Amino acid sequence: TNARISYVLYLADNALILGHRNSEWCGHGPALEQDIALSNIALDLLGQARHLYQYAAELYNQLNPSAPVTEDHLAYLRDVRDFRNCLLAEQPNGHWGQTVLRQFFFSCWQYYFYQQLQHSNDTQLQAIAIKSLKEVTYHLRWSSEWVIRLGDGTAESKTRMQQAAADLWPYTHELFQPAAFEQEAVSAGYGVTPGSIEKDCLGRIQHIFSEATLSVPVTQPGLHSGGKTGVHTEHLGFILAEMQFLQRAYPGSEW
Amino acid sequence: TNARISYVLYLADNALILGHRNSEWCGHGPALEQDIALSNIALDLLGQARHLYQYAAELYNQLNPSAPVTEDHLAYLRDVRDFRNCLLAEQPNGHWGQTVLRQFFFSCWQYYFYQQLQHSNDTQLQAIAIKSLKEVTYHLRWSSEWVIRLGDGTAESKTRMQQAAADLWPYTHELFQPAAFEQEAVSAGYGVTPGSIEKDCLGRIQHIFSEATLSVPVTQPGLHSGGKTGVHTEHLGFILAEMQFLQRAYPGSEW
Amino acid sequence: METVEITCPDQVFLDKLDRELKIEPKDWMPEPYRQTLIRQISQHAHSEIVGMLPEGNWITRAPSLKRKAILLAKVQDEAGHGLYLYAAAETLGISREKMYQQLHNGKAKYSSIFNYPTLSWADIGAIGWLVDGAAIMNQVPLCRNSYGPYARAMVRICKEESFHQRQGFEILLTLSRGTPQQRAMAQDAVNRWWWPSMMMFGPPDASSPHTQQSMRWKIKRFTNDELRQKFVDICAEQATILGFSLPDPLLKWNATTGHFDFGPINWDEFNQVINGNGPCNKERLDARRKAWDDGEWVREAAEAHAAKQKTKAAAA
Amino acid sequence: METVEITCPDQVFLDKLDRELKIEPKDWMPEPYRQTLIRQISQHAHSEIVGMLPEGNWITRAPSLKRKAILLAKVQDEAGHGLYLYAAAETLGISREKMYQQLHNGKAKYSSIFNYPTLSWADIGAIGWLVDGAAIMNQVPLCRNSYGPYARAMVRICKEESFHQRQGFEILLTLSRGTPQQRAMAQDAVNRWWWPSMMMFGPPDASSPHTQQSMRWKIKRFTNDELRQKFVDICAEQATILGFSLPDPLLKWNATTGHFDFGPINWDEFNQVINGNGPCNKERLDARRKAWDDGEWVREAAEAHAAKQKTKAAAA
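Protein chains in written order, with my numbering: chain X, 1113 to 1367; chain P, 1113 to 1367; chain D, 19 to 334; chain G, 19 to 334.
In case anyone wonders, no lab produced these hints; they're calculated from the structure. Every clue listed holds true.
In silico DSBU-like pairs for lysine-lysine, Cα to Cα no more than 30 Å straight-line: (1) X:Lys-1270 - D:Lys-330; (2) D:Lys-308 - G:Lys-300; (3) G:Lys-300 - G:Lys-116; (4) X:Lys-1243 - D:Lys-177; (5) G:Lys-308 - X:Lys-1270; (6) P:Lys-1270 - G:Lys-116; (7) P:Lys-1270 - G:Lys-326; (8) D:Lys-44 - D:Lys-236; (9) G:Lys-177 - P:Lys-1243; (10) P:Lys-1270 - G:Lys-330; (11) X:Lys-1311 - G:Lys-300.
A quick note: this is a predicted structure, and the numbers were derived from the prediction, not measured.
Put together the whole structure using the sequences plus the hints.
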């Protein structure tokens, strides 16, 4: 069950951290409509994170009934090395194009991932996958449209998008490299083989990039990974310092 | 003695927060020499803050011998509303011109302030004033030179400096408006009457601005104040969340 | 021979007002009525948008996942309100770009309350309770204002606002039952937001020259002082439930008037904030201008792409 | 008639090297010697400057005022080292601007260790202990290198570096005596920094083609593998004092050789990082480029002001 907790936390942290990043845009978007759309995605991700943390807490409390935890313990009282989110999720927002491209890469992965997770033998994960998939389908469409719009927009927007792709692409490989807890999850029948969805993801990305008149960067899986085992980029520490401040400063309070 | 603690904390917080802001530049300055110079000022301010916090802790512990505190308690375990630093100190670094101008306004105030504080009837404050004054004299000279250099540099640098002056000037008034604890400090003979150094400060600023071919903004003391009573700008919360993270996340540890 | 009755448009307009009918975008309306509405609706829209900033300041620091979701949804609602209101103003013949321009160059105002900083989590509660509370007090009568699109926008907005207000109250209630530190945090927030909230109703009637005209046009339904008094009466009661005091030593029930008396408002502060010298005026406008400027290439690209699509569709 | 002895400069140069005399900027030197030095010294200077970033990352989050002061002073020292080294390289006829250019466009390298992220406070200790430790191991022999300005710069640098290394060791020692969380934090940092530190000595001698020439020129005094072995021997001992393990299951005292044996190094990772694909290569270069670009108007203004002052002085 430790592997199961890790697995659920990995999915929860992904959703929380990307939702957090997106929420930083709230009030600062390029147009009101986009401000609202991105906040919506942030809310969806936050909702997914909550379901997952609640399930992780349930699993944890079965193992440690004497010191039960809640979703908030898991989100607010773990430090950088305990977070398992992929490095892609924690990358800075940059400009609007970087944000929508990060969302596109992530939603693309989440889309194929949740499709598989619907067949999990863990009924809770199954339920979360089914519910989340509806949201993610919209995220994928929305972010695809923005990638196309900006890729095939002005010369400036195309340049910006191609640069954003170069910056973010190295962080995509990690999603398809299995961590130990994922291998256990696959063996036990509740998880998805990360590599099994790579081809579909890449196909979708290639399709959208081609509509966007952008070229897909070519890089080898390398050292831009480690999130699943808690080896993050330097950004996450600052995210957590801000996010966790109140829970850390006023321990044990109800809010 | 509560007023005395407040007074010492006010001076300590000023030094810590401005030192913290300056230290954010470390590794990112416009030239190595300036990186080093500003880090030096940050180190001096941090040193002043430590002396002052140590003294404040001493005063506090005399009143509360059962739960003694250290300099680190005072710096790391108080929240925004307990910090007393002037709003000027917490303003974002902005560009290099904003940083040196913020330093100039602050050093100018500190210079005349410590000159007076040398005559405090509190021997500890006296000693800190005497020691600090040497450092501040250098800070004032260095920042004056930069204000002149950038004011009387290129057209671009002049515009930037004049804008920086407009942005920062409203925060200078607060330094000369007495808080209750300052009035007590004056009555008891250990503090400086804030208004008493305003003329000298203004004279010095006018002199340097005239050399810099800049005009001194004209504003009335207004609502850009409150730091002394803990009513800050929204920036301080983020500074503290970052600065205090480890002490908050790992309470009671030795580092 | 038939007689042709010629009714002058002005009379039709006033007649409609008298019969509590709505004025619609295609109806004739006096130019000062149109201008007053544009000023008021756009100012209201700007307030929603600028109002996202002080609360948005705590989204990344909300103390629990639930609170984070509620706050994010709330600030998002405000963006939605902004949208409704800009759309309502556009029916009067002004573009959203033009309104933004007026906001960014300081010509248009927004509610001065948003020029105060949010310094603790409790401020989110206090804003919900007091600021949204005052807003609702102002806005509920606006649901019956004479201009159709504005009135309909206000109906949607008021429904959400009262939800926000309850959420704010609930944050304070939770803090009031929390640790001594939390209670102090909440009392402090109430202390700081009380007077600015009182100022949200605008200057006293005696110095509010446009009130009469606005009431005649049925844009306004109550005077500033009437609404302010209602607000005080409600808040004074609710503060008791919360167990917080309001920072006004002169606040006292007056059995004769059937209202709470309250102390003098610092109109000098109000005027300073209105005139740009509030604690955060510069931050707020800078943030809005930056969002707009940073978004320029995005809007350009979106337009360029749409144009390309149109050309393609035409060619196909 | 007197005979004039003509000594060819190459011979004078080699003769000096043999007699352990310093080559000074005005002395004749072979072009490849000059180029090798420029490459090495500038690379070393860049390493100091880029090396400020991973540690600078924790200045604002140092856990006590004392640690904050020590760390800030340390990172500042590194800027100072950069200054000495750029100045030494400038004596070889290259400008600081040119060197920056080469750093910013990726032509010049810097120590690949700085492309790893600092993830916890313990990393500051591990960097001090391991990274500064490895640096000193490399640098102490450089104090005796044949080029005068470089050798003299290294003397100053080494003095400070060993101070930094002790500070790092002391951070780890404090953590080792701390809470279980702190001990875990420190062990984790040691685990992450050990192998990259081992790589700091460069490729194994067998694949280090320039070593022989550099040793002949007395720029280098020991081979990469010699220095690496020394480093392992010292660290293995010190790790015991700290109570931390080194993440190498093959690490073992070998009584025959009188050294510690150690496991194979992942040279593939090393090459990836060198070639720009390390975890933080992009962040580091972006940060340096941004500092340089943001500083452009400042440098221009400073020059313009200096020129004005000069004109004034000349006129007076």
